[in-house]
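Kindly produce the complete structure, drawing on both the sequences and the hints.
Going line by line, the protein sequences match chains A and B. Here the working numbering is used: position 96 in the first sequence is 83, and no number is missing along the way. To get the working numbering, take the position in the second sequence, counting from 1, and add 6.
Hints were generated in silico from the structure; no laboratory data involved. Treat the hints with caution; some may be incorrect.
[Unchecked claim] Listed next, the stretches of chain A that the computed footprint assigns to chain B, with coverage defined by at least 3 CB atoms under 8 Å from CB atoms of chain B:
#	region
1	24 to 32
2	35 to 48
3	79 to 92
[To be verified] Below, simulated SDA-like cross-link-like pairs (lysine to any residue); rule was C-alpha separation at most 25 Å, straight line:
#	chain 1	residue 1	chain 2	residue 2
4	B	K55	A	G29
5	B	K106	A	Q4
6	B	K116	A	R28
7	B	K106	A	P84
8	B	K106	A	N37
We put the CB at the ideal spot given by N, CA and C, even for glycine.
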Amino acid sequence: DAGVIQSPRHEVTEMGQEVTLRCKPISGHDYLFWYRQTMMRGLELLIYFNNNVPIDDSGMPEDRFSAKMPNASFSTLKIQPSEPRDSAVYFCASGFPYEQYFGPGTRLTVT
Amino acid sequence: AQSVTQLDSQVPVFEEAPVELRCNYSSSVSVYLFWYVQYPNQGLQLLLKYLSGSTLVKGINGFEAEFNKSQTSFHLRKPSVHISDTAEYFCAVLTGGGNKLTFGTGTQLKVEL
Chain A
-12 DAGVIQSPRH EVTEMGQEVT LRCKPISGHD YLFWYRQTMM RGLELLIYFN NNVPIDDSGM
48 PEDRFSAKMP NASFSTLKIQ PSEPRDSAVY FCASGFPYEQ YFGPGTRLTV T
Chain B
7 AQSVTQLDSQ VPVFEEAPVE LRCNYSSSVS VYLFWYVQYP NQGLQLLLKY LSGSTLVKGI
67 NGFEAEFNKS QTSFHLRKPS VHISDTAEYF CAVLTGGGNK LTFGTGTQLK VEL
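Here it is, written out as structure tokens:
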């Protein structure tokens, strides 16, 4: 198995632009989690899905952030419009709450 | 609400020496406990987990951790570290019935020759 796949690995964009991060979970995993990692705030859970349904989005910082999971093999995290404070590494993880498999992350830089 | 405290932000150690990374948690209900490792520019990888049963848990790469309910601790240990163990280690807690992991701030383990 290739593991959790995230794209792009690096994204540099200008403030105000729309950013879309993509995730392909491991086949057969029921849960999908989106995390953000920064030096200041550490690892934060943004949102998670169970069987493609969003269960808890209380970690999404504001309305500029949205996430979808149209099917069991694909999820997106969108930021519109992006701001410099959104610069971070965004991780997708799949599996179960007690056993999560992380992707390599997307490093987002907003200038 | 649950929380996790990793008091040591950095732990330097010489190769082949033993190491202990400390983790304390607070929760008013039963917990599941985890250690994850993050190598540079990579995602997190599960090292070991405590769900129930024996309080001494063995994980990958020779690591082990002991759940101590009275001290609300879950310290990670390895008897002899290798250069390749240099990474950041995160302790995490999941309360019984919950689905959201709460991570500590991480401990950077630096193994030196």
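Hints, one by one, checked against the model:
Under a criterion of three residues with beta carbons nearer than 8 Å to beta carbons of chain B, the stated coverage of the region 24 to 32 of chain A is upheld, 3 such residues being counted. Residue count for the region 35 to 48 of chain A with a Cβ under 8 Å from a Cβ of chain B: 4. That meets the three needed, and the coverage hint holds. Against chain B, the region 79 to 92 of chain A contributes 10 residues with a C-beta closer than 8 Å to a partner C-beta. That satisfies the three-residue criterion, and the hint holds. As the CA atoms of B/K55 and A/G29 are separated by approximately 21 Å, the hinted pair is consistent with the 25 Å bound.
For the hint pairing B/K106 with A/Q4, the CA-to-CA distance comes to about 30 Å; that exceeds 25 Å, so the pair is violated. The suggested pairing of B/K116 with A/R28 holds, with an alpha-carbon distance near 22 Å, which does not exceed 25 Å. About 7 Å separates the Cα atoms of B/K106 and A/P84, which keeps this hinted pair within 25 Å; it holds. Taking the CA atoms of B/K106 and A/N37, the gap is near 12 Å; set against the 25 Å cutoff, the hint holds.
Checked against the numbered hints given earlier, the structure breaks only hint 5 and satisfies all the rest.
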